[in-house]
Amino acid sequence: AQSVTQPDIHITVSEGASLELRCNYSYGATPYLFWYVQSPGQGLQLLLKYFSGDTLVQGIKGFEAEFKRSQSSFNLRKPSVHWSDAAEYFCAVRSADGLTFGKGTHLIIQP
Amino acid sequence: KAGVTQTPRYLIKTRGQQVTLSCSPISGHRSVSWYQQTPGQGLQFLFEYFSETQRNKGNFPGRFSGRQFSNSRSEMNVSTLELGDSALYLCASSFVTGQRAYGYTFGSGTRLTVV
Chain A
1 AQSVTQPDIH ITVSEGASLE LRCNYSYGAT PYLFWYVQSP GQGLQLLLKY
51 FSGDTLVQGI KGFEAEFKRS QSSFNLRKPS VHWSDAAEYF CAVRSADGLT
101 FGKGTHLIIQ P
Chain B
1001 KAGVTQTPRY LIKTRGQQVT LSCSPISGHR SVSWYQQTPG QGLQFLFEYF
1051 SETQRNKGNF PGRFSGRQFS NSRSEMNVST LELGDSALYL CASSFVTGQR
1101 AYGYTFGSGT RLTVV
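So the protein lines, in turn, are chains A and B. All letters in the first sequence, in the order written, are residues 1 to 111 by our numbering. All letters in the second sequence, in the order written, are residues 1001 to 1115 by our numbering.
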């Protein structure tokens, strides 16, 4: 069965510092991977997605992610975080049963 | 173009009642899927509809049901509400190519509280 693991429940980063959120997936076929962001009480906003092609994917708000098949990973990165990036981040893989999500990483930005 | 619209945004119901939630997808998107989000279980897949047919269903009891209309709008229904059904219910709209759904744009959700 498919699964997504986000090892970090909480991450604290200083404003202006770089960010990397980890995501590992388990899926038998070629994965279709997503990163979403959620602000409190809101829906999910798509940051970026990977289906095929270039393994480095650019998204909105300055985010990028790199697909590494050998490591079954799809880590999200941003070179310099802003206070407005504080939110919950979810990694997901598409399967026959819709999207399977990780438990999320709560990002805290220190001034 | 307009995004995914979910109504109502907030709902308070009593145990034992039933509730119907609505989702209008992005124009041209024919696939709608539903997810339940709770602090304990996270985001869980409920079901997916395409062209008025349920294609997949998650591991939820039969009290959870849904349907899709010819204009692609979808409703989900929960009967005999339990306290544990309190959650944020999210709807996702997708376009379909070659029988596979792509895109997955989410609405703002319906916050259901069961008292």
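Quick caveat, the hints were computed from the structure, so don't treat them as lab data. Ideal placement from N, C-alpha and C gives every residue a C-beta, glycine not left out. One or more hints might be untrue.
List of simulated lysine-lysine pairs, BS3-like, C-alpha gap at most 25 angstroms [said to hold, decoys possible]:
no. : chain 1 : residue 1 : chain 2 : residue 2
1   : A       : K49       : A       : K103
2   : A       : K49       : B       : K1057
3   : A       : K49       : A       : K68
4   : A       : K61       : A       : K49
5   : A       : K103      : B       : K1057
6   : A       : K61       : A       : K103
Quick look at which bits of chain A chain B covers, simulated, 3 or more residues with Cβ under 8 angstroms [as the list claims (entries may be wrong)]:
no. : stretch
7   : 58–71
8   : 77–91
9   : 97–107
These are the hints, each one checked on the structure:
1. A:K49 x A:K103: holds (18 angstroms)
2. A:K49 x B:K1057: holds (23 angstroms)
3. A:K49 x A:K68: holds (14 angstroms)
4. A:K61 x A:K49: With Cα atoms ~14 angstroms apart, K61 of chain A and K49 of chain A stay inside 25 angstroms; holds.
5. A:K103 x B:K1057: holds (20 angstroms)
6. A:K61 x A:K103: holds (22 angstroms)
7. 58–71: Violated, because only 0 residues of the stretch 58–71 of chain A bring their Cβ atoms closer than 8 angstroms to Cβ atoms of chain B.
8. 77–91: violated (count 1)
9. 97–107: The restraint on the stretch 97–107 of chain A holds, since 8 of its residues have a Cβ under 8 angstroms from chain B and three suffice.
When held up to the earlier numbered hints, the structure conflicts with 7 and 8 and fits the remainder.
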